[in-house]
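One-letter residues, chain by chain:
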Amino acid sequence: MTDLTDLTIAEARDGLSNREFSAVELADAHIAAMEQGRLLNAFVTETPERALQDAERSDGRLKAGDGRPLEGIPLGIKDLFCTQGVLTTASSHILDGFVPTYESTVTANLWRDGAAMLGKLNCDEFAMGSSNETSHYGPVDNPWRRNGANTSLVPGGSSGGSAAAVAARLCPGATATDTGGSIRQPATFTGTVGIKPTYGRVSRWGIVAFASSLDQAGPITRDVRDAAIMLQSMAGHDAKDTTSVDVPVPDYEAALTGDIRGLRVGIPGEYRMEGMPGEIESLWATGVEWLKAAGAEVVDVSLPHTKYALPAYYIVAPAEASSNLARYDGVRYGLRVPGEDIVDMYENTRAAGFGAEVRRRVLIGTYVLSAGYYDAYYVKAQKVRTLIKRDFEQAFENVDVMLTPTTPNAAFAPGEITDPVTMYLNDIFTVTVNMAGLPGISVPAGLSSEGLPLGLQFIGKAFDESTLFRAAGVLEQAAGFDAQPGKWWA
Amino acid sequence: MSVDQATVRHIAKLARLKVSDADARKLEGELSTILEWIEQLDEVDTEGVEPMTSVVEVTMKMRDDDVTDGAIADQIIANAPEGEEHFFVVPKVVE
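Just so you know, the protein sequences line up as chains P and V, in that order.
Residue numbers for the first sequence, in the numbering used here: 1 to 490.
Residue numbers for the second sequence, in the numbering used here: 1001 to 1095.
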């Protein structure tokens, strides 16, 4: 029998419904992989008993011919999603011991559709980071290493645990969130597929908030079909999130027709950045050739405000974060550090509970929102955001999707980037999409000269994830990416 | 624009974050670098541009004014570092 951890979600679904193996066997295989994979530090909390209970229930339903869309599929959950009765930390010290009394809408949707929970996945603290190095629970190791090297590499971030766990076959799929690239950048660094849906496609209710106008949840999986299957269950209108949009969720798997003849693919010239490594540029060019060969029409487009997306993001995101994180005050949940009076208690708690990057962003956010600076920074950034969105609207009058690199580089080593601004530049190709609220998907497309995965990104029109999946499926087929990291951790 | 240590201390106070002298010195440099980098936005002509208020165009949703939740004081207090019956306990605020 093949190793059950090698199966994609679609393959596992077929195997379960054909009774080739049971949900308990599938859960057991992944629990063993999760335990063997502890060196990766991908999980903050393992929930093997819960996974087995869920699997037993699924076996009952499968036996009765009553299987649901994700029946018996074991999944990892980024530790930013509140899970009832299970520790939820956002990888922050300040949420020590926080056990939610409610379930996030996304995870509730996954359980409704029959999925099993393997555990909670490590991430950057409050999803603020691009390397998973800001986690209170320590960095996650990328399963991938450079050719012939033993040096550890970051898995990207903030959804580093999700991407590493899926790439290392500890779970076939994981939930993730993306505020400036936190799904797509780690997907690229680990050779996995990650989609950030349109803002409003997926409910944010019960997800620890970072920057509310940018945050959006999505899946990380090993192929495009699995991303379609998972997003199908995660998406949908939710009365509990006023920004969730009440539009029908199409059948995403049905969108994978493999036919992109006549599809108009835009290539934004501004993404050809100065100093971009040659191998990223040539991968991008290869991607264009693949799409042309499949019958797509490739068109040059212009997004003139691209270079301003990142600095505008570093006003909007910290501003919203400083407001959202005001709730961590040592009163209602998590850590409390005593002080001389109540203000001293607040200050001590927040100084001890937040890590360096979170403190930096809270301070930047507080500064740009403070009296006298609000118009110069926050209002200015929101105006630039209007211009960025307008760029996309104009470009999308002529094209159906756009193709870009996902990141300007492959995975790097921990400690290699210490300057905050250099770290922020990792999100240069992904952050525009969040600023405009659009969907974006990253697909592994090749290996770097050092043997590390590289990805290409499709950007779509609002609520047109179907076209993204269709185009991504064709690119995936053409790329035939089947490289895997060596199992050095097991 | 760069910030000095007094400004760092002022915004830290607003953000209810205790910073040591060593922190303030370090943050002065870090925050100034970030803010100077952000300033490239000054190059963009935003005259007459509306600031974004919602990234997707939606009309404000209305709902019936019904009570749909409540009577869960136990759950609300469940994670409090210090609580008593159905109250959060904090250091004394009124002398």
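Hints are supplied without guarantee of correctness; some may be wrong.
Derived CB-CB ranges, DEER-like [unchecked claim]: (1) P:307 / V:1022: 51 to 57 Å; (2) V:1067 / P:285: 21 to 27 Å; (3) P:300 / V:1020: 25 to 31 Å; (4) V:1067 / P:293: 41 to 47 Å; (5) P:356 / V:1043: 50 to 56 Å; (6) P:269 / V:1070: 26 to 32 Å; (7) P:85 / V:1054: 31 to 37 Å; (8) V:1020 / P:97: 23 to 29 Å; (9) P:17 / V:1043: 54 to 60 Å.
Since the hints were made in silico from the structure, they are not lab data.
A virtual CB, placed ideally from N, CA and C, is assigned to each residue, including glycine.
Consistency of the hints with the structure:
Range check, residue 307 (chain P) to residue 1022 (chain V): Cβ separation about 35 Å, and the 51 to 57 Å hint is violated. Restraint check, residue 1067 (chain V) to residue 285 (chain P): a C-beta distance of roughly 59 Å breaks the suggested window 21 to 27 Å. Taking 25 to 31 Å as the suggested C-beta distance range, the pair residue 300 (chain P) and residue 1020 (chain V) does not conform, at roughly 53 Å. With their beta carbons about 60 Å apart, residue 1067 (chain V) and residue 293 (chain P) fall outside the hinted range of 41 to 47 Å.
For residue 356 (chain P) and residue 1043 (chain V), the Cβ-Cβ distance of about 30 Å falls outside the hinted range of 50 to 56 Å, so the restraint is violated. Distance hint check: the CB atoms of residue 269 (chain P) and residue 1070 (chain V) are about 55 Å apart, inconsistent with the given range 26 to 32 Å. At about 35 Å, the CB distance of residue 85 (chain P) to residue 1054 (chain V) agrees with the hint of 31 to 37 Å. In this structure the supplied range 23 to 29 Å holds for residue 1020 (chain V) paired with residue 97 (chain P), their Cβ-Cβ distance being about 26 Å.
Range check, residue 17 (chain P) to residue 1043 (chain V): Cβ separation about 58 Å, and the 54 to 60 Å hint holds.
In this structure, the hints that do not hold are numbers 1, 2, 3, 4, 5 and 6, in rising order.
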